[in-house]
Amino acid sequence: MTGSGTNRLGQGIEAMQGESLDPPVQRERKSPLRFAWWAIFILGITYFFLPLIGTFAFSLRAVPPSSAYTAILEDPKFFASLGYSFVVGFITIIISISLLVPTAFWVRLRLPRARPYVEFVTLLPFVIPPIVLVFGLISTFSRPPLPFTHTDIGSTALLVFGYVVLSFPYMYRAIDTGLRAMDIQSLTEAAQSLGSGWLRILIQVILPNLRVALLSGAFLTLAIVVGEFTIATFLARKVFSVYLSQLGDIAPYQQSAVALVSFGLTWIAMGFIALLGRGSRSRVTITGAR
Amino acid sequence: MAFLELSGIQKRFGDVAAVQDFDLAAERGEFVSFLGPSGCGKTTTLRMIAGFERPTAGSIAIDGKDVTHQAPNQRNVGMVFQSYALFPNMNVASNIGFGLKIRKRPKADVDRRVAELLELIHLEGRGDRFPWQLSGGQQQRVALARALAIEPTVLLLDEPLSALDAKIRVALRHEIRQIQRQLGITTVYVTHDQEEALELSDRIVVMSEGRIEQIGTPFEIYNFPATSFVASFVGTLNAMDATIVDASAGRLSLAGHEIRTTSKLAGSAGSAVTIALRPEMIALTSPDGSNVVAVSPMKGMSGSNRLPGTVADIAFLGSVVRVRTTVGPDAIPVFVDTFNNPNLAVPAAGSPIVLGFPPEACLVLGRDVVPDRTDALAAAEAML
Amino acid sequence: MTETAFARNAQGAPPARPGRRFSLTWLGLVPFLVFSTLFLLIPTAYLIVGSFVDSTTGDVTLQNYARLTEGLQLNAYLTSIEISLVTALVGGIFGFLMAYAVISGGPRRLRGPLMTFSGVASNFAGIPLALAFVFTIGRTGLVTAFLAGLGINPYDGGFTIYSKIGLEIVYLYFQLPLMILIIAPAIDGLKREWREASENMGATTFQFWRYIALPILMPSLLGSMILLFGNAFGAQATAYQLTGGFINLVTILIGNQLTGDVLHNKGAGYALAMGMVAILGITLLAYQFLQRRSERWLR
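Protein chains in written order, with the working numbering: chain A, 315 to 604; chain B, 5 to 388; chain C, 63 to 361.
Calculated directly from the structure, the hints in this document are not laboratory data. Heads up, a few of these hints could be off.
As the list claims (entries may be wrong) - Reference listing, derived: stretches of chain C covered by chain A, where coverage requires no fewer than 3 residues with Cβ under 8 Å from a Cβ of chain A:
| id | segment |
| --- | --- |
| 1 | 178-191 |
| 2 | 336-349 |
Stated by the list, open to error - Subject to a maximum C-alpha distance of 35 Å in a straight line, what follows is the list of computed DSBU-like cross-link-like pairs (lysine-lysine):
| id | chain 1 | residue 1 | chain 2 | residue 2 |
| --- | --- | --- | --- | --- |
| 3 | C | LYS253 | B | LYS111 |
| 4 | B | LYS69 | B | LYS111 |
| 5 | A | LYS391 | C | LYS226 |
| 6 | B | LYS69 | B | LYS108 |
| 7 | B | LYS108 | C | LYS253 |
| 8 | C | LYS253 | B | LYS171 |
Built from N, CA and C at the ideal position, the CB exists for glycine as well.
Isolated chain A, as found in the complex (with noise of 0.2 Å):
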């Protein structure tokens, strides 16, 4: 009789290591705070959809009703500036990427030192906000050498420019992150062994690898871009906002739809950010003031 075996050697270790956890551990205390709990939070839920209810609410007392929102459709200028915004902002998130994405990785690889000078100069914007950004870059390029502000071309550029500044924080976090997440010096070394050369490491190998932190920086950079006001409007740039704040004068109810299509934008924006930063821990989602 020839008897069949396994050894199990080891098989208690294999039990130890399994997969199962103790099971979640509920509190199921019905505590009295739990309305209270319930208070705040539909209280703050009311606040934060009273004023969008508020905005819709407005926009439906045009007779007829509907015709604040086809009046938009209508609009050329409507368009034509939310179009300059995106252009604007586009401009920005590619000057941005391209700037920041070499940096934070040169730093990490080569640069360590550099750091705290690198990460200071990304955080002044939160220290120099738009108005006074604006108020310096005027006060500069108003003249020669670089008299940006005098064409039209040049106030565009210089407005491109200062939207980057102010993406700099956040960008270059969630660049930073990205690459920590990362084992950049085996992945660039890899690459080199392959005979790659650093645009290629840095398009092909970084970039690709970035992709959920520079596609949220991107959407956030969008939605300000699109919501900026202060610096666009100091340098007399078309953008939506200032369509937007100049409309009350002449259309109120068309305004209050154009307000609601902001926030929808916002909300896109920051929504695929969400989708993207699921499971991540390179979402960004704060900014500065406005």
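With chain A fixed as given, assemble chains B and C onto it according to the hints.
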């Protein structure tokens, strides 16, 4: 009446039964360990003693007093957490003295007690340090002192050493045992580390999937495992499938060879059983008997089983040398442990070898097939 | 043990590179440095230098800073600080309570939606925000009309959205969600074991909060509120849209100076901006100090 009594404890989380049919009676001053893999319900049981979980059924009594429905802050049991759970905003002295401060003891008393405890855990003069300034081992000693400060009726430790490095783990283990003996405090210790449980405990409760597998002294648990789970979880083990040849005579067939066991066999000829051999119970000799690689520490009274095999490879584990052999046409692996010594003539891989073990070392596993000598013990425990 | 030590070594920091290629290595930062110098550092430096120069004579002077104590400027600072303080405190406390409610209190399942919504609301600032509140609690707004229908028109009681209190209500719309977003990680950091350990030693819920939870959260709470302060202090667009530039905030005053030289002195305008930068600089430093302390604790 026992000092700490858990009777008919059951805990359900929704549809999941985390703990069922848990009965335990611990004497005053006893050190009891709950041993088992994660998810076996040992921590849940401990948390029920502390009062953080309410049992779905059953009762808990400490020193004759039913505490089943008492709030955790009324129970006066001390708890040490796996993650230390020191309050980061307080220094060591304030952490240790916290329970006494809550009890509104005079400041002088608190200070005296804190100093005593700092001495007990060998951290004299470190009272003004903050948790983040301490190593993991020091933090856990502070947590122990904090739990002891309130002079608890029972001390509960929830995997207190599993976040620490191996060396500190062993050192702290001794310290915990020594302090426990010194204070004579009834202690429940939760661990998944069998070595810890075997070394520290007066008695071990081995648990699996919410149920008690066996309660016994470390000696009983290791030498007379009541179930195949206990046998495989505690210590290393060769578990092999065999078939019964003659149940009443204790004759089995393993890898084409007949062997004998003193364990009680149930089943007809030809039915399959699982047998277990501790690696250190097996003797290992060359076929001509010239080289004795390993000796079985167990002197069999009814002769020895012999199994021819082949050496597969050899691992040095420090004081112990582990020889992996294979037995039979299916090359069933069997591990054999022997003490290391410079005169040991290690056989080469591939060389033939003979495994020998007394029938007493051949355990038959299974919930229903209990090794002979534990019957009496199991019966005694059922009566407790 | 040796294995652990080895593994730790292997994971440690890469060995430092020899400093031979020092100058070339720094070249990698040139694009970033050139851009930041041109569009961030030089414009800031321009304001700094200008703030120390007498704009009529060209002499170096501290006069511009002395003028910050003049009525208009001082008043702007006081108003800005007041509004920022009030909204930081109210938003901070209420935001903390809301975050705690969804993390540890009753409506736990709503955590995800609240966090996402907070991301939206904290970025829904400026022009559309001001408008939304005008449409809601402005003179003819939805809520005003509703209250007036009940016979309690707030505007009859002297309330107006175009005032300090009105602005504070509006600012809270981005302050509150910002607080929820930045305090959530700190609340998550409160270990369940701390509460259990304190209960185990006989403490009540109140004692747990008084001796443990609040002291542990305090650096994060303070730090977050400081961040909220800075957030409100630097805001311009919302106030501009709401009041048409008639409320005297530092940001509004700087804007008016930029378009119309309302201070009739360029240097005084630069000093006004620099005072703002100084205050925000202090808030950022205080925030980072408190943040470091709480990270040390919550590690």
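The hints, checked one at a time:
1. 178-191: holds (count 14)
2. 336-349: holds (count 5)
3. C:LYS253 - B:LYS111: Between LYS253 of chain C and LYS111 of chain B the Cα gap is close to 28 Å, so the pair holds against 35 Å.
4. B:LYS69 - B:LYS111: Between LYS69 of chain B and LYS111 of chain B the Cα gap is close to 31 Å, so the pair holds against 35 Å.
5. A:LYS391 - C:LYS226: Given that 35 Å is the threshold and the Cα spacing comes to 33 Å, the pair holds.
6. B:LYS69 - B:LYS108: Holds, because 24 Å separates the two Cα atoms, which is no more than 35 Å.
7. B:LYS108 - C:LYS253: This hinted pair holds, its Cα atoms lying about 25 Å apart.
8. C:LYS253 - B:LYS171: 27 Å, holds
Every hint from the earlier list agrees with this structure, and none is contradicted.
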